[in-house]
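Chains G and P, in that order, give the protein sequences. Just so it is clear: in the first sequence, position 143 is 159 by our numbering, and no numbers are missing. Just so it is clear: in the second sequence, position 57 is 62 by our numbering, and no numbers are missing.
No lab work stands behind these hints, which were simulated from the structure alone. It should be emphasised that the depicted structure is a prediction, and the values quoted were computed from it without experimental measurement. Any given hint might turn out to be false.
[What the hints assert, rightly or not] Straight-line alpha carbon distances no greater than 20 angstroms define the calculated EDC-like cross-link-like pairs of lysine to aspartate or glutamate that follow:
| # | chain 1 | residue 1 | chain 2 | residue 2 |
| --- | --- | --- | --- | --- |
| 1 | P | Lys256 | P | Asp136 |
| 2 | P | Lys117 | P | Asp100 |
| 3 | P | Lys232 | P | Asp200 |
| 4 | P | Lys117 | P | Glu98 |
| 5 | P | Lys216 | P | Asp136 |
| 6 | P | Lys10 | G | Glu107 |
| 7 | P | Lys256 | P | Asp214 |
| 8 | P | Lys117 | P | Asp200 |
| 9 | P | Lys232 | P | Glu145 |
| 10 | P | Lys73 | P | Glu98 |
| 11 | P | Lys216 | P | Glu205 |
| 12 | P | Lys8 | G | Glu185 |
| 13 | P | Lys8 | G | Asp65 |
| 14 | P | Lys9 | G | Asp65 |
| 15 | P | Lys10 | G | Asp191 |
| 16 | P | Lys256 | P | Asp241 |
| 17 | P | Lys232 | P | Glu246 |
| 18 | P | Lys9 | G | Glu107 |
[Said to hold, decoys possible] Some chain G residues flagged as far from chain P (calculated, every beta-carbon gap over 12 angstroms):
| # | residue |
| --- | --- |
| 19 | Ile109 |
| 20 | Val119 |
| 21 | Leu162 |
| 22 | Ile167 |
| 23 | Gln175 |
A virtual CB, placed ideally from N, CA and C, is assigned to each residue, including glycine.
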Amino acid sequence: MNPLQTLLILAAAFLAVFGEAAFSLLHHWLGAQVDLLPVLMVYAALNSDIVTVSLLAVLGGLWFDALSANPFGISIPPLFAIGFVIYLQRELILRELPFAQFVLGAVASAAAPALAVLLLLTGGQDPLLGWGSLWQWLVMSAGGALATPIIFEFFNWCQRALGYQPRTETSFRPDREIRRSRM
Amino acid sequence: MLKKKHYLALGAVALVVLLIFSLPQRATSRLKLAAGSLFLPLFGLLNTAQQLPGNAADAVMPRRALLKEAGDLRNENQQLRFQMMQAAATAHENDQLRALLGWQRQVPWQLKLANVVMRDPANWWRTLQIDLGSRDGVRENLPVLTPDGLVGRVSAVGLTRSQVVLLGDPNCRVSGLVANPAHDVGVISAGGPLDYTLVELTYLSGNADVKPGENVLTSGQGGIFPKGIPIGEIVDSRTVEFGLYTEARVKLAVDLGGLEQVWVMLNPQLNP
């Protein structure tokens with residue numbers, strides 16, 4: 017477990033939730049707000065450990081619900097479900113490829129609101145749904161897909177800037193030493 | 006293949022969720038407010054940052070423009086004073102007539118200005134948060150409005166901020182009165198998820214004759230909103246349930262998407 021990476025992911029989640037609540041330009045232009053928590057969950061599930069995934073699901077979900085009219089804690093299960101599934105399958109995913117990141121971001125950003133709405137309806141809530149919700153779903157999914165490679169690049173840059181640099185190795189290998197004879 | 010640490014993580018998260026869901030409503034609300042208050046420093050910073058360009062513009066505004074604006078405001082203030090004198094005389098006459106009829110005396114609205122600090126990050130709710138809380142006298146279900154008309158009602162109250170549920174949200178239903186000769190009454194209910202300007206006026210009687218352009222006001226029924234606050238105007242109407250009801254689309258008087266400041270009515274008087 018890398019505490020710096022965990023802290024960075026949680027700080028990004030906190031700022032993402034704040035940004036979604038404070039800035040509504042995207043909502044004005046496209047009719048929907050893009051949620052970055054599923055994107056962060058994709059990054060955490062592919063590059064971090066299960067503790068970070070769990071912390072992100074719990075804290076991110078609670079922060080999101082604190083600023084929303086959602087029942088408190090309703091966003092935790094969808095986030096954790098997405099993170100857990102990706103975490104279990106991460107050995108099979110080509111995480112370095114931007115296309116794989118794009119697809120994972122799209123799927124996660126589509127699944128998180130769908131699961132959250134499903135939970136709300138199961139709990140007897142009456143969220144604002146209609147044909148326009150399909151457009152919102154599409155915008156959230158596309159926004160999440162576009163944001164995922166950017167988030168990956170950002171965290172990779174943070175890791176390079178703040179983490180220890182890998183030790184550079186020389187090309188010298190004792191077993192490849194050319195021993196010259198007198199001949 | 007699930008390992009022991011996976012089971013532990015799964016169990017821990019499930020436990021946290023179950024614990025939160027099993028808490029009483031009051032405790033959950035407190036927890037929610039506490040978690041939301043973590044963001045207050047950031048909102049304070051944002052507010053300061055948003056004020057900086059305005060302050061800079063004020064500093065470089067020419068004196069002539071300021072004097073002209075002050076003069077215009079002085080004139081407007083005098084006109085408003087005359088209107089207030091006239092309104093006070095009418096109110097006095099109204100009180101006397103009410104006393105003669107034995108009706109309850111109307112109390113002037115007590116309003117408090119609030120800044121909109123943030124909007125709901127979830128796409129399936131229409132709520133916003135304002136910078137007034139219980140320490141400012143705000144409590145649940147108080148009406149929220151602008152000079153153009155009704156905005157919504159206070160749905161949750163913290164110490165320094167409150168949540169306002171807007172018109173068009175499924176949790177904000179208002180009894181609306183159409184300003185036509187028949188005084189048709191219906192219920193303002195949820196609009197579409199994309200359009201912030203239109204809501205539905207439902208449960209109008211089957212023979213209601215509402216026409217485009219007619220104003221819709223609060224009816225005073227329902228126990229939350231006082232009578233006579235503008236809601237919007239009729240766009241179109243149609244009969245539903247084989248003529249049992251009429252439904253109409255209403256264009257809201259207030260632009261809910263661009264709200265920056267709202268007024269909270271601290272003393273809603275519901276009786277006529």
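A quick look at each hint next to the structure:
1. P:Lys256 with P:Asp136: 27 angstroms, violated
2. P:Lys117 with P:Asp100: 24 angstroms, violated
3. P:Lys232 with P:Asp200: Answer violated: Lys232 (chain P) to Asp200 (chain P) is near 26 angstroms, above 20 angstroms.
4. P:Lys117 with P:Glu98: Not satisfied, since the Cα-Cα distance of roughly 27 angstroms exceeds 20 angstroms.
5. P:Lys216 with P:Asp136: 39 angstroms, violated
6. P:Lys10 with G:Glu107: 17 angstroms, holds
7. P:Lys256 with P:Asp214: At roughly 17 angstroms apart (the allowed maximum being 20 angstroms), Asp214 (chain P) and Lys256 (chain P) satisfy the hint.
8. P:Lys117 with P:Asp200: With a Cα-Cα distance of about 28 angstroms, the restraint between Lys117 (chain P) and Asp200 (chain P) is violated, given a limit of 20 angstroms.
9. P:Lys232 with P:Glu145: 19 angstroms, holds
10. P:Lys73 with P:Glu98: 38 angstroms, violated
11. P:Lys216 with P:Glu205: 14 angstroms, holds
12. P:Lys8 with G:Glu185: 35 angstroms, violated
13. P:Lys8 with G:Asp65: 13 angstroms, holds
14. P:Lys9 with G:Asp65: Between Lys9 (chain P) and Asp65 (chain G) the Cα gap is close to 14 angstroms, so the pair holds against 20 angstroms.
15. P:Lys10 with G:Asp191: 41 angstroms, violated
16. P:Lys256 with P:Asp241: 10 angstroms, holds
17. P:Lys232 with P:Glu246: 29 angstroms, violated
18. P:Lys9 with G:Glu107: Distance ~18 angstroms between Lys9 (chain P) and Glu107 (chain G) Cα, so the pair holds.
19. Ile109: Correct as stated: the minimum Cβ-Cβ distance to chain P is 17 angstroms, above 12 angstroms.
20. Val119: The claim holds: Val119 (chain G) sits with its nearest Cβ about 22 angstroms from chain P, beyond 12 angstroms.
21. Leu162: 17 angstroms, holds
22. Ile167: It holds; Ile167 (chain G) is separated from chain P by about 17 angstroms at its closest Cβ, greater than 12 angstroms.
23. Gln175: Gln175 (chain G) clear of chain P: closest Cβ-Cβ about 23 angstroms, beyond 12 angstroms.
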